[in-house]
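Asker: Residue strings, one per chain:
There are 2 protein chains.
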Amino acid sequence: MRLSRYFLPVAKETPSEAQIVSHQLMLRAGLIKQQQAGVYVWLPFGLKVLRNIEKIVREEQDRSGALELLMPTMQSADLWRESGRYDDYGAEMLRIKDRHERDMLFGPTAEEVVTDVVRTYIRSYKDLPLNLYNIQWKFRDEVRPRFGVMRGREFLMKDAYSFDIDADSAVDAYRKMFLAYLRTFQRLGLRGVPMRAATGPIGGDLSHEFIILAKNGESAVFYDSVYEDKDWTTTDISFENDDASKSARKAMVDEVLAAYAATDEMHEEEQFLANVPEDRRREGRGIEVGHIFFFGDKYSKPMNAKVMGKDGKEHVLQMGSYGIGVSRLVGAVIEASHDEHGIIWPTEIAPFNLGIVNLKSGDTACDELCKKIYDLATAKGLDPLYDDRDERAGAKFATMDVIGVPKQVVIGPRGVANGIVEVKNRKTQEKTEMKIEDFLKSIE
Amino acid sequence: MRLSRYFLPVAKETPSEAQIVSHQLMLRAGLIKQQQAGVYVWLPFGLKVLRNIEKIVREEQDRSGALELLMPTMQSADLWRESGRYDDYGAEMLRIKDRHERDMLFGPTAEEVVTDVVRTYIRSYKDLPLNLYNIQWKFRDEVRPRFGVMRGREFLMKDAYSFDIDADSAVDAYRKMFLAYLRTFQRLGLRGVPMRAATGPIGGDLSHEFIILAKNGESAVFYDSVYEDKDWTTTDISFENDDASKSARKAMVDEVLAAYAATDEMHEEEQFLANVPEDRRREGRGIEVGHIFFFGDKYSKPMNAKVMGKDGKEHVLQMGSYGIGVSRLVGAVIEASHDEHGIIWPTEIAPFNLGIVNLKSGDTACDELCKKIYDLATAKGLDPLYDDRDERAGAKFATMDVIGVPKQVVIGPRGVANGIVEVKNRKTQEKTEMKIEDFLKSIE
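Protein chains in written order, with this note's numbering: chain A, 4 to 447; chain B, 4 to 447.
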């Protein structure tokens, strides 16, 4: 993309309305614009990051065997009356009447809608296990929306729902998602530490929050540093349904959960001190980026979602649900990874991976070299951002840094005359001179 | 995808609640499930088609130079009060109060929100021309939603908004979208014929509907068959902003519009007969799949969206807006392309491009050959659907046909013994026998 044709409103000043660094940087670097309290327009640059995160989340859901569908934002109140949640949910649910005075709501979650889908079509144990997910906008009418996309009202969530014939199989579905989440967050450049959690308005028997460390996190967290050791992206995890795969999943999850990890809500200091050697104790603040639940027949029973079992009898489905805050992750990643110059994107989600800074737009030699690099990088499948604007060098450097382009190449008249470009690493701020032909080879 | 692991609820019977063939087939072939009147769950198969269409629409918007952003579904009423549309819009607008009794609405369109974005950041003629688009769910509270996704309430729309310094430049932006639409619909396997249109609640000076022919179309249409001649997908269209490109665009659009095309609303029989030779007269019914508008300062003036011009003076922005009904297109494609067996997908949007029918699941030789074909097709980047279920042959054939897999290979014990498979063309229903090795080569 040529910056002169892009829409990237970068601000020099830190916006006064933002209290935390991710919100400040998302406004300054032109990712979002507030439309109303807790509701945002995703500007082109922000949308690019959001889609990159969404893509990884989707790939890992697909890998785990979950199937993607798409539920509407508008849900009928009748389904929520069946489950009993319509009256229970409280003021966070956005209640709406249509022109015929029928009660609807903007889905804050979708257990009822998906259970209705499954009870309509699924008749037999042969169609199970089944896990259906979607990535869709949700609305929760927070009393005081704040911290930008971290606690917004309209937000993008990945929500998956598992359906099984019995509790054993449902717990296996839970473990599949548990492992898929460990992979997902690590691919995003984060450590999502699973912590035992209260079940809240979703309900149920078993629940874990996945939490990443960040100074501005909403909860205090305590965990064993073994959570930082394992590379889940290279761990071989089978998501097949044979017995050996199931046992392997159980062993992996049990091993993970043997180590201590808790938020302040569930923290037991004595246990923490007793079970975690001093050098492995980690304390800090954390941000919830995922939450998984096993809740058995909480929805399937009142909604009468049953299948015929092998035994010729009807069985009420056993369910779980599994959320990832996709839009929230954009803020969480920035909280976890930034410096005084701006955002530092983890490689896998960086919205542009090569920045081209033309120090003298209009100078024929500079323009030609920049265009050559731009065309070559584009042809090689990189996603370059070329600052071809007529701007001061300082402003160009600041823009590349605040938006966090991981690798930047700087082209100026003197360098071009000497056959040299400067290559900068955004994270380390290290600059190295390279011969032009060496640089061109490096992106080939 | 293996059908045994997929969620594809195909029904034998034509559902009684559906009046038109696209709605019937979308229910029968497991694309959608109604959640409430005019609101649908997109099941995995339907979502796959929807995403394929969305992808082509996006590629052509990007090609034209438009930039993608994402606006929220919830919009504040205040912006609509600024433009004067809050009171004008009528009962189709879904009006909502949040917990603090603030007025919001579920966006039926987004002129106000995008104008607010532009007035916030764009200051100078140097930042123009600018065209911002998004693909987002909209809501229009139809009195009588019907015909499935063709006249739903919650629907997916691509809406683009152009901003220019003066009317000349804005008309050029209009022409860019006009040409992009011709390309888009043709890539979808359709002919979108541009017809002069009334401007309705969007308002404005210049407007065209893009209409495809279909028996169940909502309007009668009359046009010159020259609209069916040109291949826009291979026509070289420059979307650059130099004068030569602008002139070329004007010439192309003028040539298109010289031919007659009108819906019954705007039809003038005398002109039609006078200007179109008898053998080129086309009459029928059509479905609107796109609508474009140029409306000057209708929104920018009341909302005070101005930029500094070259002349050092402030200019009120000139705007246009450009919609494509993305979810509606799924129904429109089916209306335009089906037979008594089911859906016939145009190649570019077919959700699976190779069907593998195992006539005897459980038979070692059949299973092995099917798996070999499946693995090879997958490795070659095809998207095969393998019917590995324990079902009657008739049911398997009917499933492949109703969901419209363009090419199907049938593997049975007798064929395998003789080194032969049967290959079926969904559209022509033609079957040919092929040697196994020849078939394998054909997908390599």
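Since the hints were made in silico from the structure, they are not lab data. Please note that the accuracy of each hint is not assured.
Heads up, the list lumps identical chains together, so a pair's fine if it works in one copy or across two of them.
In silico DSSO-like cross-links for lysine-lysine, where the CA-CA straight-line distance does not exceed 27 Å [stated by the list, open to error]:
no. : residue 1 : residue 2
1   : 129       : 374
2   : 100       : 430
3   : 100       : 410
4   : 51        : 129
5   : 410       : 444
Asker: Hint by hint, note whether the structure agrees.
Answerer: Against the structure, the hints:
| no. | hint | result |
| --- | --- | --- |
| 1 | 129 <-> 374 | between (58 Å within a copy, 21 Å between copies) |
| 2 | 100 <-> 430 | neither (50 Å within a copy, 45 Å between copies) |
| 3 | 100 <-> 410 | neither (51 Å within a copy, 46 Å between copies) |
| 4 | 51 <-> 129 | between (40 Å within a copy, 24 Å between copies) |
| 5 | 410 <-> 444 | within (15 Å within a copy, 43 Å between copies) |
Going through the hint list in order, the structure does not satisfy hints 2, 3.
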